[in-house]
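So the sequences go chain by chain: A and Y.
Just so you know, we're using this note's numbering here: the first sequence kicks off at 329 and counts up by one.
Just so you know, we're using this note's numbering here: the second sequence kicks off at 329 and counts up by one.
No lab work stands behind these hints: they were computed from the structure.
None of these values were measured; they are calculated from a predicted model.
One or more hints might be untrue.
Chain copies aren't distinguished; within one or between two, either way the pair holds.
Claimed, not checked - The list that follows gives simulated cross-link-like pairs (lysine to aspartate or glutamate, EDC-like), each with its CA atoms no further than 16 Å apart:
1. Lys411 x Asp380
2. Lys416 x Glu431
3. Lys390 x Asp355
4. Lys390 x Glu431
5. Lys411 x Glu374
6. Lys384 x Glu404
7. Lys384 x Glu403
8. Lys400 x Glu353
9. Lys333 x Asp355
10. Lys381 x Glu439
11. Lys390 x Glu403
12. Lys441 x Glu424
13. Lys358 x Glu408
14. Lys384 x Glu374
Number of protein chains: 2
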Amino acid sequence: MSLEKFGDSFINFIYSLAKSQVLGEYDGIKVPNSCLAEALTLSEVESPRRSDKHKKGDFVEKIVAKSWIDRKITEEECVEIIKSAIMKYDLKERNEERRAIIEGFKDLLNEIKKRG
Amino acid sequence: MSLEKFGDSFINFIYSLAKSQVLGEYDGIKVPNSCLAEALTLSEVESPRRSDKHKKGDFVEKIVAKSWIDRKITEEECVEIIKSAIMKYDLKERNEERRAIIEGFKDLLNEIKKRG
Chain A
329 MSLEKFGDSF
339 INFIYSLAKS
349 QVLGEYDGIK
359 VPNSCLAEAL
369 TLSEVESPRR
379 SDKHKKGDFV
389 EKIVAKSWID
399 RKITEEECVE
409 IIKSAIMKYD
419 LKERNEERRA
429 IIEGFKDLLN
439 EIKKRG
Chain Y
329 MSLEKFGDSF
339 INFIYSLAKS
349 QVLGEYDGIK
359 VPNSCLAEAL
369 TLSEVESPRR
379 SDKHKKGDFV
389 EKIVAKSWID
399 RKITEEECVE
409 IIKSAIMKYD
419 LKERNEERRA
429 IIEGFKDLLN
439 EIKKRG
């Protein structure tokens, strides 16, 4: 059982799809764990106790995956939430893209929290 | 434009989902490029001329992605085709899983070819 590994593949796919739709050209991205950790810190979702960056990233992978598996959120909804956040950034510039990813997943986490 | 990178994230996701459903527990997998190359060789899809393993793997990533983007095949259909192939193998054993991946993507490529 490795829900966070599954979540990793789900997150890379939905972010790659969101970015591709925003740019109008296809691209594939490995979302950095550090961005997911930062998104969690900035979100309204409570972090696990005494968790470092790595554990926080895994935690995000798990809750995003679980929410999709439990049909609380669809793949299309995830992509739309991320797109709304990242479209304000220059995704061709590395630091801007980091900020875009952080905001996108912060918004996704907040929506997941809202849906319980 | 990097359709093969997008295809990489799509392929990792659909294979991870297929494997998770077969095993009844979630897991995330990075599908090796060498397995995709081997699947192409065994399939009815013609390989690009003078292509090595790396180029063949990229080619598979591109045509699977393109087929899904163009709505010739759905994500669910991809997962079902892969599941039908890999369920015959012991996915907990590394060499068996390689053979499972090769057969799964060979079948997917043949279905994509059939649909034109």
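Against the structure, the hints:
no.: 1; hint: Lys411 x Asp380; in the structure: neither (28 Å within a copy, 36 Å between copies)
no.: 2; hint: Lys416 x Glu431; in the structure: within (10 Å within a copy, 42 Å between copies)
no.: 3; hint: Lys390 x Asp355; in the structure: between (24 Å within a copy, 11 Å between copies)
no.: 4; hint: Lys390 x Glu431; in the structure: neither (18 Å within a copy, 29 Å between copies)
no.: 5; hint: Lys411 x Glu374; in the structure: neither (24 Å within a copy, 36 Å between copies)
no.: 6; hint: Lys384 x Glu404; in the structure: neither (24 Å within a copy, 30 Å between copies)
no.: 7; hint: Lys384 x Glu403; in the structure: neither (22 Å within a copy, 29 Å between copies)
no.: 8; hint: Lys400 x Glu353; in the structure: neither (29 Å within a copy, 19 Å between copies)
no.: 9; hint: Lys333 x Asp355; in the structure: between (21 Å within a copy, 6 Å between copies)
no.: 10; hint: Lys381 x Glu439; in the structure: neither (22 Å within a copy, 42 Å between copies)
no.: 11; hint: Lys390 x Glu403; in the structure: within (15 Å within a copy, 21 Å between copies)
no.: 12; hint: Lys441 x Glu424; in the structure: neither (26 Å within a copy, 40 Å between copies)
no.: 13; hint: Lys358 x Glu408; in the structure: neither (19 Å within a copy, 25 Å between copies)
no.: 14; hint: Lys384 x Glu374; in the structure: within (10 Å within a copy, 45 Å between copies)
In the structure shown, a violation is registered for the earlier hints numbered 1, 4, 5, 6, 7, 8, 10, 12 and 13, in ascending order.
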